[in-house]
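Take 1 as the starting number for the sequence shown in our numbering and just add one per residue.
These aren't lab readings, by the way, just hints derived from the structure by calculation. Any given hint could turn out to be false.
Here are the simulated distance ranges between beta carbons [to be verified]:
#  : residue 1 : residue 2 : range
1  : Y130      : K74       : 17 to 23 Å
2  : A102      : D133      : 35 to 41 Å
3  : D42       : E89       : 23 to 29 Å
4  : D108      : S132      : 33 to 39 Å
5  : D122      : E12       : 19 to 25 Å
6  : K144      : G107      : 29 to 35 Å
7  : N58       : I99       : 36 to 42 Å
8  : N90       : Q11       : 19 to 25 Å
9  : P129      : D94       : 36 to 42 Å
10 : K144      : D57       : 16 to 22 Å
11 : K40       : P129      : 35 to 41 Å
12 : K144      : D108      : 15 to 21 Å
13 : E12       : N136      : 34 to 40 Å
C-beta: ideal position from N, C-alpha, C; glycine also.
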Amino acid sequence: MSKTEDFLTAQEEQEIVEAIQEAELNTSGELRVHLEKTAKGDATNRALEVFHHLKMDNTKLQNAVLIYVAVEDKSFVIYGDEGINKAVENDFWDCTKDIMQAHFKKGDFKQGLIDGILRSGDRLKKYFPYQSDDINELSDEISKG
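All chains should be modelled from the sequences, with the hints used to inform the complete structure.
This is how it looks when you write it as structure tokens:
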């Protein structure tokens, strides 16, 4: 795919948003997906910029997760906020990345994102369980750059 707009269909985007909503029922953590054409350099640095731009660093427990995808670069980053990184083991995201990458290599981007989102929510519930007074601090919509 050459354009970010063509990366996912509207139906696939809706299914991803529903996966975010489902994942957030397990955890007080906040999940977002951001798509853009290219990172214009290092994808991890760009993911950090997007994380701050989307104000994901303003959650109460610092437990937001960004799944950043640079479509044309064929790269993605799972970026967790400070609260998560202080609580989890160093290889916390590795199995989630592996699952996503296996789908991506087959061209199944929607399923890769959905599985990554659901796995993230499931893994985060151990450290940041859903609370009855939990509020959705961030939009569940896919952002695009």
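These are the hints, each one checked on the structure:
| no. | hint | in the structure |
| --- | --- | --- |
| 1 | Y130 with K74: 17 to 23 Å | 34 Å, violated |
| 2 | A102 with D133: 35 to 41 Å | 37 Å, holds |
| 3 | D42 with E89: 23 to 29 Å | 24 Å, holds |
| 4 | D108 with S132: 33 to 39 Å | 36 Å, holds |
| 5 | D122 with E12: 19 to 25 Å | 21 Å, holds |
| 6 | K144 with G107: 29 to 35 Å | 20 Å, violated |
| 7 | N58 with I99: 36 to 42 Å | 29 Å, violated |
| 8 | N90 with Q11: 19 to 25 Å | 37 Å, violated |
| 9 | P129 with D94: 36 to 42 Å | 22 Å, violated |
| 10 | K144 with D57: 16 to 22 Å | 20 Å, holds |
| 11 | K40 with P129: 35 to 41 Å | 38 Å, holds |
| 12 | K144 with D108: 15 to 21 Å | 20 Å, holds |
| 13 | E12 with N136: 34 to 40 Å | 22 Å, violated |
Hints 1, 6, 7, 8, 9 and 13, counting from the list given before, are not met by this structure.
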